[in-house]
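There are 2 protein chains.
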Amino acid sequence: MATACSYFKFELIQGDRTGPRLGRILFRHGVVETPAFFPVGTVGTVKGVSCSELEAVGVRGMLSNAFHIYLRGNLDLIRRLGGLHNFVRFKGMIITDSGGFHIKSLAQHTRVTPEGMQFSSPFDGSRHFLSPEEVVHIQEALDSDVKLPLDVCPSYPEGEKEQEHATRLTLQWYERAQQAVKKPDQGFLGIVQGGFDEALRRWAARETVKFGFHGYAIGGLSVGEPKHLTFQLLQAVNEELPSEQIRYLMGMGKPQDIVTAVEIGTDLFDCVIPTRNARNGTLYTWKEGVIRIRNSSMKDDPCVIEEGCRCPACAGGYSRAFLAYLYRCGEMLALKLLTLHNLFFFQTLMNRIREAVKKGTFGELKTQVLDLFGED
Amino acid sequence: MATACSYFKFELIQGDRTGPRLGRILFRHGVVETPAFFPVGTVGTVKGVSCSELEAVGVRGMLSNAFHIYLRGNLDLIRRLGGLHNFVRFKGMIITDSGGFHIKSLAQHTRVTPEGMQFSSPFDGSRHFLSPEEVVHIQEALDSDVKLPLDVCPSYPEGEKEQEHATRLTLQWYERAQQAVKKPDQGFLGIVQGGFDEALRRWAARETVKFGFHGYAIGGLSVGEPKHLTFQLLQAVNEELPSEQIRYLMGMGKPQDIVTAVEIGTDLFDCVIPTRNARNGTLYTWKEGVIRIRNSSMKDDPCVIEEGCRCPACAGGYSRAFLAYLYRCGEMLALKLLTLHNLFFFQTLMNRIREAVKKGTFGELKTQVLDLFGED
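Protein chains in written order, with the numbering used here: chain A, 5 to 380; chain B, 5 to 380.
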């Protein structure tokens with residue numbers, strides 16, 4: 005049994021085109037069992053947490069952002085130092101996002117032309133142009149385990165014409181991106197766009213598959229559209245995608261979203277939810293659902309966040325009262341401890357999902373998660 | 005050989021009234037070799053660093069602030085949870101400062117009366133009154149290893165009359181503080197004040213000694229007076245203090261200050277320098293002296309902060325370029341890694357000082373430190 009490969013390989017172990025699946029990703033430093041959840045480490049690290057702390061709570065990979073690293077880092081130096089893994093000292097899997105979504109949402113004076121994206125840096129106002137080819141080259145310089153092609157994400161709501169235009173332009177860019185590849189063994193996932201119309205999404209999925217990517221990300225969802233539409237579109241896309249390749253739902257989600265998406269054949273997730281919510285003082289637990297460290301009741305609560313939890317905050321014996329006090333004092337340490345708790349919760353959730361799919365008890369777990377966290 | 009005691013015991017191993025000394029502090033959780041340096045953990049934790057990380061870089065104690073914890077924490081809960089150590093999960097030594105200095109420097113609408121200090125909280129504007137007795141009770145509730153009495157610190161420059169008044173009032177408060185003690189075995193150090201006149205300082209030292217404290221802190225120095233005056237006053241105080249008891253210089257200092265103060269008979273130090281400077285991007289090294297992570301040369305520097313250093317940042321292989329990038333991106337992780345490096349540097353400095361005093365080579369070490377960091 006192979007336990008690693010040069011960049012990225014997905015093996016489907018159980019399941020089919022839709023319905024809960026089990027699989028595994030082989031990459032340079034080991035194996036990631038799927039369904040899996042990766043936190044977001046935009047600049048190459050997860051906010052407030054070192055890579056050894058990430059590994060200690062079971063995190064096996066992260067989603068970083070080529071756009072941010074390109075604008076703020078020193079690409080030549082990162083290349084000379086042997087790539088992003090070596091620069092940030094992470095042995096887990098790193099997927100780099102292309103920046104298509106972030107250029108649209110963060111940059112200023114953005115102009116999307118057939119050639120690529122023109123924009124001003126949100127950090128220093130400098131003017132930049134990124135083409136589909138350049139975005140491939142950046143990610144190959146970073147030597148991430150998986151690169152993603154430059155895409156155009158329609159906002160919600162947006163007109164039919166605009167959605168179709170964005171979808172067609174994205175597909176044209178994929179052709180150019182594929183031709184720009186110089187590291188063919190680096191993982192390269194197509195991103196299925198296609199806006200909010202089911203037929204357009206299905207068509208986009210089929211067209212994206214024609215490029216022969218190593219697997220498929222599903223992008224442009226959870227950007228304001230109703231939740232039932234999100235999952236209707238996700239199911240439609242999953243029905244179109246080849247079953248033996250990975251399906252990676254980008255930017256989602258809450259525990260209730262993850263179980264719903266796993267149920268319809270999704271393998272991989274990334275989201276800022278566990279880390280951003282931790283920094284806002286919102287914590288996930290298996291007995292009380294979501295709790296908030298800023299609630300006044302926390303000030304007097306001598307218990308840990310969750311009895312029996314093995315995360316560094318709970319296993320370290322830090323009381324809710326102490327964490328609330330640290331948070332109130334504006335201490336960074338609070339943010340780290342809360343982040344580690346939530347990351348550990350999400351890893352536990354994924355462990356339980358895989359266990360339940362294996363045992364055929366996924367339905368019960370899904371009910372438990374929806375009862376705890378609601379459907380929305 | 006005893007390796008712990010109920011709260012605090014100092015043993016002088018080598019040296020005398022002045023000149024470099026070696027000693028050790030026995031406290032509930034072990035031994036601290038002196039000369040020693042403690043970082044400042046105002047609210048009970050050192051900014052950005054967990055207690056297990058502190059211990060990993062060799063930190064054996066910290067200075068916390070009763071004033072901050074009283075205003076922002078929940079004293080009753082901390083008492084119920086078994087004291088500050090248990091609340092913050094630190095097994096090292098905790099000295100709690102009385103707040104005299106911080107009420108004067110941080111609080112608003114402060115009025116010093118013969119009864120105590122009236123002030124408004126800098127956090128929520130609430131009005132408070134703290135008496136010398138109350139400050140003892142707060143620290144006994146916190147159950148720190150060492151408490152300090154409420155004192156009045158003259159500013160620099162301040163008139164002779166004001167300095168003498170502050171000194172006399174402080175001594176009156178020590179009498180009340182001693183009478184308020186309910187935990188006589190908790191370490192209790194007198195703070196030698198006395199402003200900036202050598203005769204007044206000497207008198208204050210002799211008067212403070214009459215109260216029979218477990219040892220002596222030297223306060224009110226390094227608040228703007230010239231450096232030669234600081235050390236002239238410190239030497240005068242050390243000459244007045246009993247040689248068998250600890251001398252703890254509060255709020256200093258830089259490496260060059262520490263070696264200078266050790267040379268004239270000082271045992272213990274606390275300062276924000278390693279932690280605050282780290283957060284400002286200023287780092288201590290043994291080969292290049294002080295370096296600044298914000299310097300543009302750092303962006304391209306693939307080396308660690310200091311080759312051969314065993315701190316988590318250097319031993320973790322984080323390049324200067326990466327740390328500069330993280331710092332530029334405003335990532336908390338940068339502050340933690342830089343803080344750990346500086347804390348490790350200060351622990352190494354104290355190790356080298358003790359080793360040099362033992363071997364009789366302290367003069368050479370002092371020259372090396374002054375050459376690296378200057379005299380001021």
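Since the hints were derived computationally from the structure, they do not count as laboratory data.
Keep in mind the model is a prediction, meaning the values are calculated, not measured.
Take the hints with a grain of salt, since some may be wrong.
[What the hints assert, rightly or not] Just so you have them, the derived chain A footprint on chain B, three or more residues with Cβ under 8 angstroms:
1) 52-65
2) 81-88
3) 282-291
4) 299-313
5) 317-331
Cβ atoms here follow ideal geometry from the backbone N, Cα and C, with glycine treated the same way.
Exercise for the section: Could you tell me which of the hints above the structure violates, numbers in ascending order? Expected result: Per hint list: single violation, 3.
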